[in-house]
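Student: All chains should be modelled from the sequences, with the hints used to inform the complete structure.
2 protein chains.
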Amino acid sequence: MTSMDYSKAAEWKIIERTFNAERLGKCESIMCQGNGYLGLRNAADEFNAGEQRNLFVAGTFNKFDENEVTELPNAADVTRLNIHLDGTLFNLQYGRTIEYSRELCLRNGETVRTVVWESPNGKQYRLEFRRFVSMERKHLIAQKLSVTPLSGDAEVMIIGGINGQMNNTGSQHFSEGEKRLYDGRVMQYTQTTGQSKIDFFLNTAFSFRLNDAQLDQKGFIVMDRRLIQQEFDLHIPAGQTLTMEKLSNVYTNRDRECEGKSFAQLQEYSLGNLKEACAVGYDTLMQESADAWNALVWNNVPVTIDSENPMDQLAIRFAQYHLYVMTPAHDNRMNVGAKGLSGEAYKGHTFWDTEMFILPYFIYTAPEVARSLEEYRWLGLTGAHKKAASNDYEGAQFPWEAAWIDDGEVTPVWGAADIITGLPTKIWSGFIEQHITADVAFGAWQYYTVTGDQDFMDKFGYELILDTAKFWASRLEDGEDGLLHINDVVGPDEYKEHVDDNAFTNYMAAWNIRKAMEYAAMLKAEKPEIYARLAEKLDLGRVEEQWAQKLPLIYLPQPREDGVIPQDKTYLGLKQIDLTKYKNQQNIGSIYRDYNQHQISNMQVSKQADIMIMFMLLENQFDLDVKRANWNYYEPRTLHDSSLSLSTHTILANDMGNREMAYDLFQRAAAIDMGPNMKSSDAGIHAASIAGIWQSTVFGFGGVRMLEGRLRINPNLPEQWKELSFFIHWKGQKIAVQITKEQLKLTNLTATASVELTVNGAGYIFADTLTVTL
Amino acid sequence: MTSMDYSKAAEWKIIERTFNAERLGKCESIMCQGNGYLGLRNAADEFNAGEQRNLFVAGTFNKFDENEVTELPNAADVTRLNIHLDGTLFNLQYGRTIEYSRELCLRNGETVRTVVWESPNGKQYRLEFRRFVSMERKHLIAQKLSVTPLSGDAEVMIIGGINGQMNNTGSQHFSEGEKRLYDGRVMQYTQTTGQSKIDFFLNTAFSFRLNDAQLDQKGFIVMDRRLIQQEFDLHIPAGQTLTMEKLSNVYTNRDRECEGKSFAQLQEYSLGNLKEACAVGYDTLMQESADAWNALVWNNVPVTIDSENPMDQLAIRFAQYHLYVMTPAHDNRMNVGAKGLSGEAYKGHTFWDTEMFILPYFIYTAPEVARSLEEYRWLGLTGAHKKAASNDYEGAQFPWEAAWIDDGEVTPVWGAADIITGLPTKIWSGFIEQHITADVAFGAWQYYTVTGDQDFMDKFGYELILDTAKFWASRLEDGEDGLLHINDVVGPDEYKEHVDDNAFTNYMAAWNIRKAMEYAAMLKAEKPEIYARLAEKLDLGRVEEQWAQKLPLIYLPQPREDGVIPQDKTYLGLKQIDLTKYKNQQNIGSIYRDYNQHQISNMQVSKQADIMIMFMLLENQFDLDVKRANWNYYEPRTLHDSSLSLSTHTILANDMGNREMAYDLFQRAAAIDMGPNMKSSDAGIHAASIAGIWQSTVFGFGGVRMLEGRLRINPNLPEQWKELSFFIHWKGQKIAVQITKEQLKLTNLTATASVELTVNGAGYIFADTLTVTL
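Going line by line, the protein sequences match chains A and B.
My numbering puts the first sequence at residues 393 to 1166.
My numbering puts the second sequence at residues 393 to 1166.
Some clues are possibly wrong.
For identical chains, the list gives no copy identity; a pair is met inside one copy or between any two copies.
Using 27 angstroms as the maximum straight-line C-alpha spacing, the simulated DSSO-like pairs for lysine-lysine come out as follows [stated by the list, open to error]:
#  : residue 1 : residue 2
1  : Lys455    : Lys589
2  : Lys967    : Lys667
3  : Lys929    : Lys1123
4  : Lys589    : Lys653
5  : Lys778    : Lys667
6  : Lys973    : Lys610
7  : Lys961    : Lys455
8  : Lys916    : Lys942
9  : Lys610    : Lys975
10 : Lys818    : Lys929
In case anyone wonders, no lab produced these hints; they're calculated from the structure.
If you're wondering where the values come from, they're calculated on a predicted model, not measured in any experiment.
Tutor: Take a look at the structure:
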């Protein structure tokens, strides 16, 4: 099994040292490039069997037909090159690979692949492939290839262009549009999504140099259905180097900057922008993009870990890199997909992963991005009303999976095979994984409480919290015990379907109603205009009565004598099996090889944190003994088959004071994408898990938490760390945090207001700096 | 460049001796398997980059969207296997291929691929892949794989099933249907075409043996979008052989035998038929299919060539094999595609290739198949009326490209790139390549005249000839010279667009009207009921007047003083260029690399036979000197860039007595698919050219021709041939024809009527046998 090389962590580099055709997915995903507007999977320039070549433009959802759900379509490819070296198609699966390395520099976002290859005909060549997606020009994809023949002269044929034959596991989202070669130089291809009617405009152009001399190389134009290419035939004298640059861009008429422009204008506009980039050239464009990365992240909100293990520093940079690649910060009609923009899995849909994992990162480091993600939820109210109404509920029931703002529920209905019945398994999450609605409310509250963004709250936040609470009031069911229950749900632990009184769901629903009641009362008293507007919109009078009446009656599962809280009504009574075989990060989901969903639902086995995540969100509602008892009960029964599980456990382990276990879990969480399992990232990076690396660091070891509206910092560095420093935003103040084992130092870089916080139980207020001895 | 091995011609075998990943298309096409109901391109079981894997069911046309034309969709694949040998994915592009051969036996239709492969891990394995499409059970595809480890024990993992992610150069024609595993054994997948709403039902099942012992091997079921597969993990002890059988079938609700059955019934029906086949097993099914091939072709209408060059015998068998693979003889709503069922090119559409090339084969060897192809044209009258009306013409204007019977014109509008403008080239054939309408009439007349099938004529044939003639009458244009012209057309030579008075078109239009007038007069006199029916339907009275008035005025280009007939109004005056660079079978279409269509239209260069094919069809209208003069003028200007060109030239060369040239052209014609150009068949076999091999043999060297309604045989064997024998049907009589250089021997095997014919100018009538000394 190939493994990644992280020895150049100090140089911010992720390196692959050997090529393995059966392990293509790993680097395609973890070296995925992008800027939130577009995501480009890092498939090699040359085609490989088993590759997954993807180009996604955030928010361009389309549905193939009525049998399928909407998804991010795989746009036309601009990266593939067929490179013939002295008549042989270049491919590392044959011939002899003499040197190989492929690296992503997290700092500047460039990938470099260096190969010395001996063709089956015995001739050797050095090839260097460079590629980046510009952080400065969000539509730009740049490639650079150098070919140096090592065995005399070489005849090189390069074929490439724009390939609209791409699809999503067989579903073709696009109608073919127009193909055109401008001035013998720039190829343009347009394509339009079938149902959502989004026009895509792609442009690409080649240029060549021999050593330092520009070549005026003419290409032969080839068109086929959904395909426009040029073929270039070049001669490289021995010892010289041919350099190719291929610059491409993509625009859509859904882009904010393209609004109001006609199809023809966008053809012209996108073409003009590509020509402009061509005039600048790869190297300068690369520098421009690196500067943008520095300004955005590395010189702005870096996280520094001085650890015995350089992987830790690399992991947090890996996380920050991908968080910016995946997040469509530019458009509040879009949110983050569960695989970011790095793979087709989960179809680009947004889950609770945003609120629980990704949103906190941006709340604390880039509040304006967090606000955009929150506005997306407010814009999603239309869909949430649709969903509630279709289920005979009131208020806003958020979709388990969300795509375009007004789509409503987009969770697919059928999934993997049931090994017993031989039929596809029904996916129940879209129907009954209902805690998402409280999660959204919690996210809005967290955003507001940390940032203090009152404007957001007035316009969007109160409404989100009240409207979701309205849903819960209508959702509660009368029990024979005189209490109110939430029956037939899926909780965070998706190995349990159709459970009653999932603890997480019930507690969060109660939290949501309680928070709504507090805000309704406050608004009535302090912001009567907002109250009046929302009262009319949401029928608040009637709904408030329901809240007051129902909140005290919600059944909240209590700890047993041994401190264990029943995850749901039946869990603790289910049969137990030996889970050793399945409790291993290499065997994600392997329990499905032996049992079907129905059988798994009837065993004491959990996919992921359930009670644990409740402890994290509602930290103060449970004491440490209860947390420990539940950890001891549930962790051994938890397979961590969801990538959302480990980082939560890391934080909890830290909260319980178990640094060693926390550090071990942190490393395992980081390994979900970066680790030696070369298949785990095939379908794309794990967005929530990646954000979890940051959470484990800052919330876990850094001990940062917003609790009941207050900032708390309880640092607890692992043995292996000497120092941890990072930046957080708190109520408009940007604070530098430096933690050693001995000391916590805070510096308010904004210093327009003083900051109040608790450190290890003691309260502090500071204006400029604060140093606390630990 | 890899080449094919035909040294086992005596064993009916086409063999590939070396694997070359850049030359996959050749064997995929020329070893294509099928039975007229379905066509399966011979892509290897294991996936290769650059492969083209196709499964077509005849007549199941669908249009992706309104921007595209209807085409034969690429159905779900059942053939692909991922074979992991001791953990390494089997693929010949890496590791070491120690032995390799791949052969198609034309006699029984089975392909056998034998490989000894050394994995990159150093272990060796012998694999034998067998496959056939049953000629007996038209829905059945059978695969058999044997694996023998040569370096100790082996762990083998085989993954396969049904893959509905296939598409046609990016266009996905299907909605996903249902996926199901029955009894842990049979996988079923359904899919439905998007616009034509044809339901496909596919079933597949694996079975395994170790040496001779049946294994009850359980597979692990895997489903993804459009995909159902099973994974089998097997252990092979050293020295033993694992044998896998995978049997699959495909049905559609368009199948005649499926009419009236519900979706659920067809799931059941197709499943039941697969289970039945599984009970029979590969070897017996194979024998059954071989028997069907023998009964249909090899024991029925074989062609035997005793030649110095065994390739000649192989070539004619190759032709007969593919004619039965490609022809949907089972359903008169279907016709033959220009690539048969062997590739996506030309989208499964039917061209004049049928009437000019393929139909004659069936007229003379299997009249019932020819009748089905003719009935397709009659059923196509709806579409032909649609086309005429849309162009403001009367009668039946046949589409240049035809798909489903009532589709009308389906020629795509945009083609390859124009190297000057950088835009796609407009394809004018669908608009103005109008001779097809006369070709269809000619085909009906030829069918009738050769077979004497009066029932066909009464029901369909007269109408076809009258209705097409009605079109021509409305099509003719008044010229300033007082004559009638046909302006702005494409003739058979497609390198000339927008020409006036293409000789072929004008002569054939005149022929069509003349034949219609003869039949109208005859019907009026002899079959008044038919006349009355058609008169009402076609408004014959008025139309007949037009015919009588217009026929004498049609401008028919006459030979110049030097005997050369102008191919069209301007051809002889166009500029001439040196064509040496382009006149080479390896460089098909290469003139487009230097000139665009407009430029080519304005040079004296022809793609294919134009005047020549007129000489063949209207043989008696032109004397030998004129033919020779035109050959000498046009042949040097003809690039033979159409695969329809060489066989016509072969026949003409023979007619002109040039046996040597004829034989040379025959071999070149056979080489279009079988020859050393490993790329020429990538897009599929050349259906017309393949039928042309038979025509060159029987019409060319055999000298068989229907002329003015009479059978004529002027044999003229090439130097290299000792004997040629074949079978023809003539007016209900099946005749064995044996030709040596000295003698022609005819045997009437039916002997229900005597047969009249001309041999080298002398008339004969015979009842049982006839021997003519040559």
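Student: Against each hint, give a clear statement of whether it holds in the structure.
Tutor: Right, here's what the structure says about each hint:
{"no.": "1", "hint": "Lys455 with Lys589", "in the structure": "both (10 angstroms within a copy, 18 angstroms between copies)"}
{"no.": "2", "hint": "Lys967 with Lys667", "in the structure": "neither (66 angstroms within a copy, 39 angstroms between copies)"}
{"no.": "3", "hint": "Lys929 with Lys1123", "in the structure": "neither (29 angstroms within a copy, 86 angstroms between copies)"}
{"no.": "4", "hint": "Lys589 with Lys653", "in the structure": "within (15 angstroms within a copy, 37 angstroms between copies)"}
{"no.": "5", "hint": "Lys778 with Lys667", "in the structure": "neither (45 angstroms within a copy, 47 angstroms between copies)"}
{"no.": "6", "hint": "Lys973 with Lys610", "in the structure": "between (60 angstroms within a copy, 20 angstroms between copies)"}
{"no.": "7", "hint": "Lys961 with Lys455", "in the structure": "neither (38 angstroms within a copy, 53 angstroms between copies)"}
{"no.": "8", "hint": "Lys916 with Lys942", "in the structure": "within (20 angstroms within a copy, 93 angstroms between copies)"}
{"no.": "9", "hint": "Lys610 with Lys975", "in the structure": "between (58 angstroms within a copy, 24 angstroms between copies)"}
{"no.": "10", "hint": "Lys818 with Lys929", "in the structure": "neither (36 angstroms within a copy, 57 angstroms between copies)"}
The structure does not agree with the numbered hints 2, 3, 5, 7 and 10 stated previously, though it agrees with the rest.
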